[in-house]
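J.: Residue-level listing of the chains:
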Amino acid sequence: MQKVGLSCKVNGKKVDLEIQPDTMLVDLLRDTLRLTGTKEGCREGECGACTVLLDGLAVNSCLIPALKAQGKSVVTIEGLAKAEGQLDNLQQHFVAEGAVQCGFCTPGMILNAKSLLDRIPDPDDKEIRYAISGVLCRCTGYQKIVHAIKAASHDKQQIPQG
Amino acid sequence: MSYEFKNFHWARDIRIDNYLMPRTLDEALDFLEKHQGKAQVIAGGTDVISQLRHRDLEVDALVDITRLPDMDGIRQDGEMITLGACVTHAQTALSPLVREKAAILAKGAGSLGSPQIRNIATVAGNLVSGHPAADTSIPLLALNASVLIASREGQRVVPLTEFFLDKGRTAIDCRREILIQIKFPAMQGNQGSCHLRLSKRQSLTIAILVMAAVVKVDPQKKIIQEAAIAMGPVAPTPFRALQTEALLAGAAVCKETIERAAESAYAEANPIDSAIWGSAQYKREMVKVFVRRGLENALIEAEALVD
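Residue numbers (our numbering), protein chains in the order written: chain A, 24 to 185; chain B, 90 to 396.
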């Protein structure tokens, strides 16, 4: 099998790699780039743990051939924190609200929430629940997660962030 | 049952030799021709990747059509609305044009899978996969949509009524042909529609029953001129209740007509028993409920029936 070139942006940094054509995006991120913040749960698009942003849209990286990222921008959970390690607004509110327990679904929850807040800055509960409906949480329950996203949306409106 | 590691589908990932991203339609058709049945079209990929993992599909190469020109975009061209082959479910569900002129399609697109799936899965792919209860196939079938298919031999138009052949089988050969456009008439003022979906959860689940109805009434709003009722899964393919539609054409707008249509659809539907998705009898009862409720709502929307 012949390797092929892939150029894309991952968390703002340009990446040029030679990969097998059947590499899936989740494996490229976790195994090649060592960005293990992206989790793999079911590997069939049911659990949402592997969610990343592809050109700003939340997608399941387990269902996407890595070559689909050709020329595009990928953002993983590692891409949200500032360079000096300061957590993103959404991450801070997840911590403050106790919306994280085992943490496995958290990257998916936060990236879906980010995709929502980028489109609708002040969502209602129904819009929040619809936005995270593709991620399964099996420990905290969804209430605290919804609260955290709500709190982050209020915060975001007051303090515009770059 | 064997529990060996290699038998879990996630341990057997996809194996392909070539992933091609052509920039023109000709180039894409060339790739397919060159691989002679060993290459298959991929758009969003959510179905194709699953099929490859489960070994329901075996090919050497994938031809990704999402970088072809003119494949995205939702447009109104006179009375017709066209969707490019790479339009996603999310784009369809959020499109102001689709929400206004084909609300049942927007609702269907918004109920498929999850946000992450809707962000990448295409409506055209939902048709091609040929699932009997596919969330956009049902409304598009009720909207009398047709698809434009390109191949080396040229282009052909296939109405959806002739597109679905059997469970998982459609009139397109994805190793030779490419679905490039979906087309359907925009809803008019004397029309009304309704989309209903029954499922265990509101997300990430295949529907137990989906129904989409479109009715057209006369200017006095007393007579149903035309009705289209699509449902699934009540047959091996997305199903049009043609006998019920014939009964409705020319019938008076009244509760009795609706009741007769519900009984007719009950008789016409032929669902199967499923341990997970409900018994045949349950689904048939729900067909009656959905057709009654769907026609009522559609006639209310057409301002022919008072709420």
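Keep in mind that the hints were calculated from the coordinates and are not lab data. Note that the coordinates shown come from a computational prediction; the quantities given were computed from them, not determined experimentally. Even glycine gets a Cβ: it sits at the ideal position worked out from N, Cα and C. Please note that a few of the clues may not be correct.
Unchecked claim - Listed below are the simulated DSSO-like cross-link pairs for lysine-lysine, each with C-alpha atoms no more than 27 Å apart in a straight line:
| no. | chain 1 | residue 1 | chain 2 | residue 2 |
| --- | --- | --- | --- | --- |
| 1 | B | K305 | B | K272 |
| 2 | B | K123 | A | K149 |
| 3 | A | K26 | B | K127 |
| 4 | B | K289 | A | K167 |
| 5 | B | K123 | A | K26 |
Unchecked claim - Partner residues are not named here, just some residues of chain B that face chain A (Cβ under 10 Å, in silico):
| no. | residue |
| --- | --- |
| 6 | T155 |
| 7 | D159 |
| 8 | G162 |
J.: Measure nothing beyond the straight line between the CA atoms of K26 (chain A) and K127 (chain B); if it is 27 Å or shorter, mark the hint as holding.
T.: 19 Å, holds
J.: Hint check: K305 (chain B) vs K272 (chain B), CA-CA at most 27 Å. Holds or violated?
T.: The hint holds at about 19 Å.
J.: Quick check on the hint: G162 (chain B) CB to chain A CB, less than 10 Å?
T.: 16 Å, violated
J.: Should the interface hint for T155 (chain B) be scored as holding, given a Cβ-Cβ cut-off of 10 Å against chain A?
T.: 7 Å, holds
J.: Take the C-alpha atoms of K123 (chain B) and K149 (chain A), compute the straight-line distance between them, and say whether it is at most 27 Å.
T.: 49 Å, violated
J.: Taking 27 Å as the top limit, are the C-alpha atoms of K289 (chain B) and K167 (chain A) close enough?
T.: Holds, at roughly 24 Å.
J.: Would the hint on D159 (chain B) stand, with a C-beta cut-off of 10 Å toward chain A?
T.: 18 Å, violated
J.: Run the distance test for K123 (chain B) versus K26 (chain A): straight-line Cα separation, threshold 27 Å.
T.: 20 Å, holds
Of the numbered hints given earlier, the model fails hints 2, 7 and 8; all others are met.
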